[in-house]
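2 protein chains.
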Amino acid sequence: MIIWTDRRGKRMEAPRQPTRRVRQSTTKVDIAGFTPELLPYLGQAAYFQLGMFENLALAISTAPDLTAKEELSAAAGRALAKHQGLVAEIRRRGGEPAEVMAGFSSRLDAFREQTAGADWHELLLSCYLAGGFLDDFFIRLSDGLPGDVGPRVAHLLGQDAGTDVFVTHLKAAIGADPALGSHLALWGRRLVGDTLLVARSALPMEGITADESRIEPVFTELIAAHTRRMDGLGLTA
Amino acid sequence: MIIWTDRRGKRMEAPRQPTRRVRQSTTKVDIAGFTPELLPYLGQAAYFQLGMFENLALAISTAPDLTAKEELSAAAGRALAKHQGLVAEIRRRGGEPAEVMAGFSSRLDAFREQTAGADWHELLLSCYLAGGFLDDFFIRLSDGLPGDVGPRVAHLLGQDAGTDVFVTHLKAAIGADPALGSHLALWGRRLVGDTLLVARSALPMEGITADESRIEPVFTELIAAHTRRMDGLGLTA
Chain A
0 MIIWTDRRGK RMEAPRQPTR RVRQSTTKVD IAGFTPELLP YLGQAAYFQL
50 GMFENLALAI STAPDLTAKE ELSAAAGRAL AKHQGLVAEI RRRGGEPAEV
100 MAGFSSRLDA FREQTAGADW HELLLSCYLA GGFLDDFFIR LSDGLPGDVG
150 PRVAHLLGQD AGTDVFVTHL KAAIGADPAL GSHLALWGRR LVGDTLLVAR
200 SALPMEGITA DESRIEPVFT ELIAAHTRRM DGLGLTA
Chain B
0 MIIWTDRRGK RMEAPRQPTR RVRQSTTKVD IAGFTPELLP YLGQAAYFQL
50 GMFENLALAI STAPDLTAKE ELSAAAGRAL AKHQGLVAEI RRRGGEPAEV
100 MAGFSSRLDA FREQTAGADW HELLLSCYLA GGFLDDFFIR LSDGLPGDVG
150 PRVAHLLGQD AGTDVFVTHL KAAIGADPAL GSHLALWGRR LVGDTLLVAR
200 SALPMEGITA DESRIEPVFT ELIAAHTRRM DGLGLTA
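Protein chains in written order, with numbering that gives the first Met the number 0: chain A, 0 to 236; chain B, 0 to 236.
Here chain A stands alone, though its shape is the one from the complex:
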């Protein structure tokens, strides 16, 4: 954990641009050594999206009004579509989705539990921050996938995540209650720590230990995007 904490100081150097452009303008990191094998990659990305879907379903159930419920149902539908798209890729390769996902379920279940939050606003911030971070992370890793599956997965995961609902409701709540803002800023900082850990644990060990410094720029980008999300809500990252 310490290594990521130390590196957080660098995150502000990244230019304030939309995530996609930042990724393109950064010196290309050869990600291939860090991308897991295809089926394990698809399995963990698919299981992560299923967890996002479950979080969004929980947010729907606990939403304070029908408009929020309705907006969140669209976001849940998109997470489910991402999950199902990844499951289709697993089947296309003759994999059994439940088997392929099984190795990642306990780690990702624990992550979901740690980041579910104590109330609706914390949950919403988790969906926005952890969801945004790990979508970007899996898109980034997809560069190292063989054949044409990488671009296809990147397209699937890069689809409009319907994040307006998070931003709208969080900004309104923070605007109405500055104490909530401080509270959520703390929560956001905790989330990025847990999210970095789960992202790091998704990488094959041998790649990481062999050349730790090569993966660093990828995390710098991802943290910069996280900081922009926090800033957009008026929260100090």
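Mixed in with the good hints there might be a few duds.
[Claimed, not checked] Cβ-Cβ distance ranges computed for the label pairs, FRET-style:
| hint | chain 1 | residue 1 | chain 2 | residue 2 | range |
| --- | --- | --- | --- | --- | --- |
| 1 | B | S105 | A | L196 | 41 to 47 Å |
| 2 | B | A31 | A | A178 | 52 to 58 Å |
| 3 | A | Q158 | B | D147 | 26 to 32 Å |
| 4 | A | L185 | B | D147 | 50 to 56 Å |
| 5 | B | T167 | A | R92 | 20 to 26 Å |
[What the hints assert, rightly or not] To be clear about the criterion: a stretch of chain B counts as covered by chain A if any three or more of its residues have a C-beta under 8 Å from a C-beta of chain A, and this derived list gives those stretches:
| hint | segment |
| --- | --- |
| 6 | 45 to 54 |
| 7 | 65 to 77 |
| 8 | 81 to 87 |
| 9 | 99 to 113 |
Keep in mind that the hints were calculated from the coordinates and are not lab data.
For each residue, glycine too, the CB sits at the ideal point set by N, CA and C.
Given chain A, work out where chain B should sit, using these hints.
Showing chain B alone in chain A's frame:
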């Protein structure tokens, strides 16, 4: 409530055929007087599907294994697609979905709470029985909608509900534990009572009180389909 209980004796007279065929072969009931106005119809059908989706999401979260999780996620996706299709119909008519659904939320929330069950098997049986019953019910009422919206809604709601997952898991669990079978048979009987009440309350009062006997054949059909679902699981209705 008594009126429905009394009528349950008639349910066995209906031929054992798939629901759709039964509906076509029954003497046509003029449903028009019983169908609510278009927007209230769409609002309650949409909110019901959202509740089904929430129940399925809960079933996913509490599923005992990844295969069940994965199968249920497909069923949840279908419920969400039905909800979104109905919401699209509301918008097409200039309605604001949250407003149109608002009048039905407390009744349907209470219904969902009553029928959620105490464990995964009870919840699965609710999704299967209450979901099947009310899908059929709203399809039946759609005959009375104006213009081309009726057939469109019937098509949307009649799409494969992905009920295999319910039947497979419930049959396996009941086969392994006869006591669970007796328990779920009781639960199924309670469910049909609550479901009939919520269906009845979805009908405009004036239509019902004016000519109660005219709606009876519709409920007879719906209960026959319910009994077939129970029988298919080896449960006595």
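Exercise. Lying within 26 to 32 Å: is that true of the beta-carbon distance Q158 of chain A to D147 of chain B?
Worked result: holds, 31 Å
For this session: Examine the segment 81 to 87 of chain B: at least three residues should have C-beta closer than 8 Å to a C-beta of chain A.
Result: As far as the segment 81 to 87 of chain B goes, the hint holds, because 3 residues have Cβ atoms under 8 Å from chain A.
Exercise. Does 52 to 58 Å hold as the CB distance between A31 of chain B and A178 of chain A, or does it fail?
Worked result: holds, 56 Å
Problem set entry | Assessment of proposed distance window 50 to 56 Å (beta carbons of L185 of chain A, D147 of chain B) | Distance hint for L185 of chain A, D147 of chain B holds at roughly 54 Å.
Exercise. Is it true that T167 of chain B and R92 of chain A lie within 20 to 26 Å of each other by Cβ?
Worked result: Holds, since T167 of chain B and R92 of chain A (Cβ atoms, about 25 Å apart) stay within the stated range.
Exercise. At the C-beta level, are S105 of chain B and L196 of chain A separated by a distance inside 41 to 47 Å?
Worked result: Given about 42 Å between the Cβ atoms, the range holds.
Exercise. Are there at least three residues in the segment 99 to 113 of chain B whose beta carbon sits under 8 Å from a beta carbon of chain A?
Worked result: holds (count 3)
Exercise. Do at least three Cβ atoms from the segment 65 to 77 of chain B come closer than 8 Å to Cβ atoms of chain A?
Worked result: Held - the segment 65 to 77 of chain B has 8 residues with a Cβ nearer than 8 Å to chain A, which meets the minimum of three.
Exercise. Would you say the segment 45 to 54 of chain B counts as covered by chain A, given the rule of at least 3 residues with C-beta under 8 Å?
Worked result: holds (count 3)
In this structure, none of the earlier numbered hints is contradicted; all agree with it.
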